[in-house]
Amino acid sequence: MPVTIALGGSPSIYWYLTRATGAVALLLLSVTLALGVINVRRLKGRSLPRFLLSDMHRYSSLLAVVFVALHVLTTVLDGFAPVSLIAAVAPFTSSYRPLWLSLGSVAFDLLLALIMTSLLAGRLSHRAWRATHWLAYACWPLALVHALGTGSDARLSWFLLIALLCVALVALAVLARVLSTPRLPASARAGALGALTAFLLFLVIWLPSGPLASNWARRAGTPAALLGHPK
Amino acid sequence: MSKQRLIVDPISCDAHGICAELLPELIATDEWGYPLLSEQHVPAELLALARQAVRSCPRRALLLAAQREKRA
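Read top to bottom, the protein sequences are chains A and B.
Numbering-wise, the first sequence is residues 5 to 235 according to my numbering.
Numbering-wise, the second sequence is residues 5 to 76 according to my numbering.
This is chain A alone, in the form it adopts within the complex (with noise of 0.2 Å):
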């Protein structure tokens, strides 16, 4: 890119690694997700053993844990955003997009406390392992948004359809979840419907008017120092 070389200095390796292992990540939590909501009940008819499922939600969610720890030792080791180790799980402590790097910090923190509780899953009650289990309905979505929102590649294709694989996969499992537990209550089946759909709504309208625009580097709070830069 002869505008790179106008600069003097191509990406460094970390900047590729930051991005890939971002992706890898999405797709592990979004794996881990979508077979946490599949497996909490019994599937009728089921052809895989139940304890497949159930360690592939636990292995992938530490594997994922990995990959977001690598995404995050190297955005801060490639040091083209101003990005410290304590941005990734403090919110708005740094200057790079600040709103949506926040949302990546916030989900790791979940995450953190995620892993810890099941971890700890033996000394806990298993009504406060529960609660705290739910949080990874949120952990999700805001790494998702973070994924779109902070990261540069949101407008290629190739990541366009990592998102939709992630969300394809989640919104996926949680139809067949609620499809499938002919006993849940009204309300539940309501809430869970509601919010994969209000969700799907705010990605569709925010997409087209946040990351996909051509302005939005700007708009996300890039400094204004790093906006000319062709990454």
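The hints are simulated quantities; they were obtained by calculation from the structure and are not laboratory data.
Note that CB positions come from ideal geometry on N, CA and C, so glycine has one too.
Have a look at the derived ranges for each label pair, beta carbon to beta carbon:
id, chain 1, residue 1, chain 2, residue 2, range
1, A, Leu179, B, Pro47, 43 to 49 Å
2, B, Asp13, A, Leu230, 52 to 58 Å
3, A, Gly198, B, Glu29, 42 to 48 Å
4, A, Ala172, B, Gln71, 46 to 52 Å
Stretch by stretch, here's where chain B covers chain A in the computed footprint (C-beta under 8 Å, at least three residues):
id, region
5, 55-64
6, 125-139
Using the hints provided, position chain B relative to the given structure of chain A.
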């Protein structure tokens, strides 16, 4: 090494059935999916699987406990 046997907390158990899938040698299920545990101690060759079944219980209702020796 003390002998161990499996016990289930019937109040916590929610009949997920994962333990019976992992350890059919010692755990059967009743018609509602609740576990029926073998009374015998866990043989050494099944201990690793038994620990995995305990770890995998979503309700943490399955436990491995030292078997009480009967006093003569």
